[in-house]
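K.L.:
All chains should be modelled from the sequences, with the hints used to inform the complete structure.
Protein chains in written order, with our numbering: chain A, 1 to 214; chain B, 1001 to 1214.
Don't read these hints as lab results, they were simulated from the structure. Note that this is a predicted model, so its numbers are computed, not measured. Yeah, the Cβ is synthetic: ideal placement off N, Cα and C, and Gly gets one too. Treat each hint with caution, since some may be false.
The following residues of chain A were derived to be distant from chain B, with all beta-carbon distances above 10 Å [to be verified]:
no. : residue
1   : 68
2   : 99
3   : 103
4   : 108
5   : 145
6   : 149
7   : 152
8   : 156
9   : 174
10  : 208
11  : 213
Pairwise CB distance ranges, derived in the manner of DEER restraints [unchecked claim]:
no. : chain 1 : residue 1 : chain 2 : residue 2 : range
12  : B       : 1203      : A       : 177       : 31 to 39 Å
13  : A       : 108       : B       : 1089      : 21 to 29 Å
14  : A       : 180       : B       : 1210      : 49 to 57 Å
15  : A       : 57        : B       : 1211      : 51 to 59 Å
16  : B       : 1070      : A       : 79        : 41 to 49 Å
17  : B       : 1210      : A       : 57        : 38 to 46 Å
18  : A       : 51        : B       : 1210      : 46 to 54 Å
19  : B       : 1006      : A       : 187       : 45 to 53 Å
20  : A       : 28        : B       : 1199      : 40 to 48 Å
21  : A       : 176       : B       : 1104      : 31 to 39 Å
Listed next, the stretches of chain A that the computed footprint assigns to chain B, with coverage defined by at least 3 CB atoms under 8 Å from CB atoms of chain B [said to hold, decoys possible]:
no. : segment
22  : 15-28
23  : 59-67
What follows is each chain in one-letter form.
Protein chains: 2
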Amino acid sequence: MKIKVNKKILERNEDFAESNRKFFKKKNIFCINMISSPGSGKTTILEKTAKALKNKINIAVIEGDLYTEFDADRIRKTGLPAVQIETKGACHLSAQQITKALHQLDTDKLDIVVIENVGNLVCPSDFDLGETARAVVLSTAEGDDKCAKYPKAFAQADVLLINKIDLVKHLDFNISRVKRDAKKLNKDLKIFEISAKTAKGMQGWFNWLINAKR
Amino acid sequence: MKIKVNKKILERNEDFAESNRKFFKKKNIFCINMISSPGSGKTTILEKTAKALKNKINIAVIEGDLYTEFDADRIRKTGLPAVQIETKGACHLSAQQITKALHQLDTDKLDIVVIENVGNLVCPSDFDLGETARAVVLSTAEGDDKCAKYPKAFAQADVLLINKIDLVKHLDFNISRVKRDAKKLNKDLKIFEISAKTAKGMQGWFNWLINAKR
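P.N.:
In structure tokens form, the structure reads like this:
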């Protein structure tokens, strides 16, 4: 019974995802879906990305959180348009929510839409949003065993941002282990070691994003 | 349709939770359900708790992860019995899984059972496991905005462990904000600022656990 109904929900999600995908293609928009645990630094990465790229390329952000408009407010302060989706307790964003959020953006002018998914390394992986690419963010403070424990998030991503590398010297975190485990799950995964806080490694991510759009 | 079926699943879970609760009461076992984001340090807290208390009190650990037996292995190295539940992708532990895991433990000798839930600050909050108390762990590296964003985890907990306080000097983390937000959701919440790594503040948590058992 559960499987049957969940299949229905996923099929319905897939319909909206397909429609979003077509929309992005038609508008020539590159859409990236960012997935991670709570507090990995997704919003800080986007704030810094906004500041670095906003005069070169048109970006909008769709923020997903259970509650609060905190993150959309942070993005708006950088000058970028942002739409906040409050899931009111739900553990992931759905493709239908993205369709609705896109109506609130002036998409004719956009090159890139970034979706910051709900902070959850499990459930968002099961929901295609119609994105062009998927990013997974891992904070070094979360430990180096996460690829094996949460494989789907890493196996399905196009790019892995290992964030907060400025903290590594204070942690027991083996970057080589993460890279090896991630590549085992996904040999084509592009990996950047970054610190959104100190800006270290961020240029590589900016370049990837701009080139991915092209 | 979804609501109806989920209600069924939750009702079924509640039956097993009630049975677990009766079992813990009969055996005079204090059971604590630990909930947090991935990588908040739950297993390290339990390793240190095991080492400090294993000669004073009988503890067993039930570990929940999507995949791997990493955490149960870490606990067993401290000398405590541990059962690993691999959810194979599911985002939370169920009361039925706990019932099954309890069959694998020699419960006649136990004072405390700690359940380390799947690393997920959202879904585990919805599933009563029949525990005596609930703990939420927040790593300082996750940021100080998490209470408002994930209120259920904090509202339902008896104790909040703010872990990795050794990192605070390298972060923008306002402990007062977290404590204020958490108390707003849950005025009876007991809060400990700890570092499982350096042992700072851990004695308070050990004392709380031993007294809670009494």
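K.L.:
Now, for every hint given, state plainly whether the structure supports it.
P.N.:
Hints, one by one, checked against the model:
no. : hint                       : in the structure
1   : 68                         : 5 Å, violated
2   : 99                         : 19 Å, holds
3   : 103                        : 24 Å, holds
4   : 108                        : 32 Å, holds
5   : 145                        : 6 Å, violated
6   : 149                        : 5 Å, violated
7   : 152                        : 7 Å, violated
8   : 156                        : 13 Å, holds
9   : 174                        : 14 Å, holds
10  : 208                        : 25 Å, holds
11  : 213                        : 29 Å, holds
12  : 1203/B / 177/A: 31 to 39 Å : 32 Å, holds
13  : 108/A / 1089/B: 21 to 29 Å : 40 Å, violated
14  : 180/A / 1210/B: 49 to 57 Å : 41 Å, violated
15  : 57/A / 1211/B: 51 to 59 Å  : 58 Å, holds
16  : 1070/B / 79/A: 41 to 49 Å  : 43 Å, holds
17  : 1210/B / 57/A: 38 to 46 Å  : 58 Å, violated
18  : 51/A / 1210/B: 46 to 54 Å  : 50 Å, holds
19  : 1006/B / 187/A: 45 to 53 Å : 37 Å, violated
20  : 28/A / 1199/B: 40 to 48 Å  : 56 Å, violated
21  : 176/A / 1104/B: 31 to 39 Å : 35 Å, holds
22  : 15-28                      : violated (count 0)
23  : 59-67                      : holds (count 3)
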